[in-house]
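Asker: Protein chains in written order, with the working numbering: chain G, 3 to 214; chain V, 285 to 411.
For the record, the hints were derived by calculation from the structure and aren't laboratory data. Even glycine gets a Cβ: it sits at the ideal position worked out from N, Cα and C. The reader is advised that the hints may include incorrect statements.
35 angstroms max Cα-Cα, derived DSBU-like pairs, lysine-lysine [as the list claims (entries may be wrong)]:
#1 V:K393 - G:K176
#2 G:K180 - G:K27
#3 V:K397 - G:K180
#4 G:K176 - V:K307
#5 G:K176 - G:K144
#6 V:K307 - G:K144
#7 V:K393 - G:K128
#8 G:K114 - G:K128
#9 G:K68 - V:K389
#10 G:K175 - V:K316
#11 V:K323 - G:K113
#12 G:K180 - G:K110
#13 G:K117 - V:K307
Not close to chain G: a few residues of chain V, all C-beta gaps over 10 angstroms, as computed [stated by the list, open to error]:
#14 M285
#15 N315
#16 V340
#17 A385
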Amino acid sequence: MMIIRIGDFIKRVLNNIFKQKKNIKLGLYGPVNSGKTSLANRICVDWIGEEMGIVSSIPHETREIKIKEKVEIKSKKGKSVSFNLVDTPGIATRIDYEDFLKHRMSVKEAKKRAKEATKGVIEAIKWLDNMDCVLVVLDSTKNPYSQVNLTILGNLQARNIPVLVIGNKVDLKKSNLKAIEDAFPQYDVIGVSALNGNNIEEFYESLFKVIR
Amino acid sequence: MLTLQFIPYKEINNLTTSGKIKKILDLVKENKIVLVEGKLRSNEEAALIERTMENVSRSFKGIELCTIKAEEDYGLISKFKAGMVSLLVGNRQGFTIIGPAAIIKEIRKDPTKVQLFTVDKIKKRRR
Chain G
3 MMIIRIGDFI
13 KRVLNNIFKQ
23 KKNIKLGLYG
33 PVNSGKTSLA
43 NRICVDWIGE
53 EMGIVSSIPH
63 ETREIKIKEK
73 VEIKSKKGKS
83 VSFNLVDTPG
93 IATRIDYEDF
103 LKHRMSVKEA
113 KKRAKEATKG
123 VIEAIKWLDN
133 MDCVLVVLDS
143 TKNPYSQVNL
153 TILGNLQARN
163 IPVLVIGNKV
173 DLKKSNLKAI
183 EDAFPQYDVI
193 GVSALNGNNI
203 EEFYESLFKV
213 IR
Chain V
285 MLTLQFIPYK
295 EINNLTTSGK
305 IKKILDLVKE
315 NKIVLVEGKL
325 RSNEEAALIE
335 RTMENVSRSF
345 KGIELCTIKA
355 EEDYGLISKF
365 KAGMVSLLVG
375 NRQGFTIIGP
385 AAIIKEIRKD
395 PTKVQLFTVD
405 KIKKRRR
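Next comes chain V alone, as it looks inside the complex (with noise of 0.2 angstroms):
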């Protein structure tokens, strides 16, 4: 069974960077997928990329993640007004997926569609 957890955007938007990723890990560690309310900041994703490679040990191998946000536009002024939006409301556009890697195989990602992969434990299991 797989279990999605959801993160509203007010549940952590108050939260410190490392208050996020506790979060988001605890969850991932107790083999949830999680699924956050808007887009981690860049320096969020490298904090987490990073607490995890601290917490890798032989029952927790890491994590599958992977953001989506709405097409991006580079115009100044689609970048002025998605920033003042940001500034209002908070970043609440897209969403961040993040799986444990014992569940997760791969998280597919192109423009259009995310596909998640998710590790044969039989095949695993025969070896």
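If we strip away everything but chain G, and leave its shape as in the complex, we get (with noise of 0.2 angstroms):
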């Protein structure tokens, strides 16, 4: 009995020591312009100083996985957990060139931008696979009921990845953060400006409890 008994301890010890040399990989998920790499800016600054990609109102800004390793967050009770932050494409259906003509871009460079974007699309969703823990990022500001939020969501949930949702840009007037509390009220919902920095506290203990 007692052998058992240390035999189990040893065990847990290990999966411990296991469990925390783990590279935990913390994905941003959502649609196309609702404030991934807003929200990714916004936590590498405030944890390890420096801004993780860049940021545009051009759809498709971010056409391939970023990472940004080790970055630690503490919760306000002292504790504190580590993880590799992955920003994502943002998930689309359809990809025209010709919208990025409004941009002021060349027919070249509008349709290098698409092609990079139907990669990046694809390489997100092959993502989903590899993902610990997942922020899906919606801008509040839209219909929440979209297809593309459903199958992220959906993706996550068949994987058994541990999700929080977040409504962001919760500065703006049209911003309506009970339609995304109303459509899936079976996730954490918590509203957020990553841009203004608007409740960032009560998002980073949401994350804290989502990755513990």
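The task is to assemble the complex, starting from two chains supplied on their own in separate frames and drawing on the hints.
Answerer: Okay, here's the thing in structure tokens:
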């Protein structure tokens, strides 16, 4: 009996050591222009003092997976957790190079961007399998019942990946966080403004709970 | 003229994921709006988006997609009942609409209605 207990104890200790050494991958997923990179930048600036990527109003600015390793955050109670932050291209079901022409791009540039964007969407979907935890970033000024949102959440649920839904852009007049809460009652939803920092402390507390 | 093509459940039930997606995308690329009986699984939706992105070209801009299912009840008993029904007769509940992005600008869905917004071709030609 005693030997079994000692065995269990050693197993638990080893498991904990293994868990701590594991590099948790925290993914940022969402539709195009929902503010994933803005939120990634906010997290990185707040905790490691440098930005992660370029933010733009032109769709598909992030067209490849970007990883910031060993980001460590601390809770109000002084506990800390470290993770690798993975910023992903926005998921879309349509990409038309002509849409980029409205943003004063040449035809060549627009076609190149469209091609890279399609590859980015494929890469983002493939990376779903690598995530330990995901922040689904939604634009709180938009209708949450979009198929892209449902597909992302459905795939995360099917993989049993812990999720925190972020309603971004709550500083804007058209923001409707309640619509997101009503659309996804089975998830924890937190409203933030990644750009202005509104509610960011509460976000970190929620993030801490999801990662643990 | 808009063509709405219906795919009954029995026509795709026995197909593999890639078989289902090929069937759907082949029709969508013919500028048809496809109405599939039953809801695609989440991995099939993701695979559909992946395959769509692989197919994006000058003439094919992608798809608009919408799945509609009966109102969800998150109770354990309801989930169990729904699971049993799916096991016995397959997941026929709800339906999936897939249309070409060249025709469908947006599918707006809220819990009570679905609206299909089509591309204004005259306006597009003028530009």
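Asker: When the structure is checked against the list of hints, which entries are broken? Sort them ascending.
Answerer: Violated: hints 4, 10, 12, 16 and 17.
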